[in-house]
Amino acid sequence: MSEFTSFNRCLIELGDQQIFATSASLNMSPSLKRDVRFDGFSLNDAGATVNDPTFVPTGPLKGTLSFEFVVADQHFNPIQSIFDISDSMSESPITMGRIGQYRFWTAYLSSFSFTMEPFQLIRAKAEYEIFGTIHEIGDKKLEEIPDINPAESLKSYGEIVASGIDLQDENNKFDLRMLSAEYSAKATRKTTYTIRMNEHKASLLSSGGLLPYRSAISNIEINCNIKSNKIINYINHMGEIQMKNPSDIPQNVAIDLHLYGAKKIDVPGGSPERQSPHIATFSCIGKVMSQSLEVSTGGYLSGNFSVSQVVR
Amino acid sequence: MSFSSYEQEFVINDQIISGISSASISYGSSVEPLYLAGIGYIDSFINGPIEGDLSITRYMLGPDLLADKRDNQDLTGGFVLGEGIQQAGFTKGRVISRKVSCNIGEIPSIDNTIRIYGNFGGGIDAITGSYNDSQGNPITPYEGVKVDQEDREYIIPTQGSIAVEIGGNDYDILGFAIDRTLTVEALYALNKEHIHSLKNYEAHDIQIIYPIETKLDFTISQEDYNILQMRELMDYDSIKSSVENLNVKIYDPQTMDNAAPIVINEYNIVGAKLSSVNQSSATEQETTIALSFIGFETDPRTPDTYPIEQTTPTPSYGTDTEGDFISADEQANSDERMFGGL
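As they're listed, the protein sequences go chains A and B.
If you want my numbering, it's the position in the first sequence, counting the first as 1, plus 1321.
Mapping to my numbering: the second sequence position 329 is 311, numbers consecutive.
I should point out that these hints are in silico values taken from the structure, not numbers from a laboratory.
Certain hints may be false.
[What the hints assert, rightly or not] Facing chain A, according to a computed beta carbon distance under 7 Å, are these residues of chain B, among others: (1) N29; (2) Y153; (3) Y170; (4) A171; (5) K174.
From a predicted model like this one, the values you see are computed outputs, not experimental measurements.
Just so you know, even glycine gets a beta-carbon here, dropped at the ideal spot from N, CA and C.
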């Protein structure tokens, strides 16, 4: 066996889930600062003395884990908690995971995002905060190759509705065509530690002893960036669509991104009998935060607009 | 059953294209393999649109059958084998390149490239219409287009039967080559209709990137040519007068003695500028001048920078000149007007 682990043998797991990752990275570092302080007085020098300078910890061993992966049925239908950023998401950590032969512990999901554009598989990215140490463990081989049906962009689609108007309906004045979409959800956490636990003698005996007591979710935001042939018309100062008709009540812009698998599967009694499976739908109902138009030589006018939703 | 190359017939918009000396169709997409950590290769997935090019080289047999096909006109077609036994068609294509080469004493040749955006292959009819015979009885589509095909003959240009029209005057030329190639961009959107099948997806929009560049090279005898002061053309004072619409005409040699000779094919270069002149003299040969012009066609829906008096019919491969801008009435009732011009 080679001393080097190839990508094909580098299994990535989070909790009990194998991640269909195309790339992954993990980095971690202790929080250290230089410690120099007065520790006495020298009669010979007629001045203060300092300790031997060193680094001392100011926080726990902390890192980040991120990986890019393909969206597939196994993790998103229903969505697994390891990727779920929603109002009902769990504060509990994912207790352990693996990159190749390295085991990490205590991971908290901090962001999830994916991109849709024609002729591309839908590739997602997830980021986690991880705490504690790293252990090298044995290699692991899959018992069997999973049957993966990744979500494909051209089979997937997006819907944009505002004030009851389908902005993609070619029979109204919007007739918006979605060229690409980026969805991202971010959870900001407040991590707390107990003084008593972290000063316990155990921290001297184990490298992985200092862990957060709680990682509370302080806020959650969802953002959707759309590239299209048009931008949002009739936008008001609230970031909402306000038509000229007074009976139209300004409403948030609602974007639904429906993800479908690339390959067809048998659907008994379905019409047609073989269909691309619906994998997941992600929604963002919020305000238009920004939008822009651009055109350049030899190109066409295209717009970008961003819709954000505060979940918590 | 096998088919020789003599048994193929190419059809565009239910017209058999005659005089073809070679044709090729390329059709495909790029594929990207998916590798996953801990597994390796999973499968391959397309990562670009499936498009193709149908390239046809043909001898000019009478009027050019594709000359009236507009730049933004969607075409159907394909090839037919064994008198209609087999067909491989395409559902949507556009002419993106037109090249003509014509010299005295040679059969003129035409090269066309048709970009295929829609579906292509067996099971798709190259001939889409339904036909009846003279008694009204239904006949096969192949028989139908065969009946419509008129007899077409080779034409070999003679001295004086090729001319370039500049400023309303015809000048006899010895030969020419014209190349008009479009730059097009196909746009694909994330539409709902693709959920269960990617078989029939097509580009949501196909945009022509203007200007359309047309290159015309022609050779003229020294005796018919007044040497230009080339540097005058580079002077911005004369920039308007140095832009001209040109017409190249191929006359039927057999009608050259008539008062009004018959024009078999005519090609227009819009807003042409002279780019180079090359005089060549050799012993025992006629002294000739080779001139190169480049014309730029702008979007017919936008105003020309240097409007030219329309002495010649242009553009030759008419795009929709009216365009899809809203009308004056629609503009008057538009939201912009209702909001007081905000």
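Going down the list of hints, with the structure as the test:
Below 7 Å, beta-carbon pairs count as interface contacts, and B/N29 has one with chain A at about 5 Å; its hint therefore holds. The beta carbon of B/Y153 is not positioned within 7 Å of any beta carbon in chain A (closest approach about 35 Å), and the interface hint is therefore violated. The beta carbon of B/Y170 is positioned within 7 Å of a beta carbon in chain A (closest approach about 4 Å), and the interface hint is therefore held. Residue-level restraint check for B/A171 holds (minimum Cβ-Cβ distance to chain A is 4 Å; threshold 7 Å).
A least Cβ separation of about 4 Å between B/K174 and chain A falls short of the 7 Å threshold, and the interface hint therefore holds.
In terms of the numbered hints stated before, the structure departs from hint 2 and from no other.
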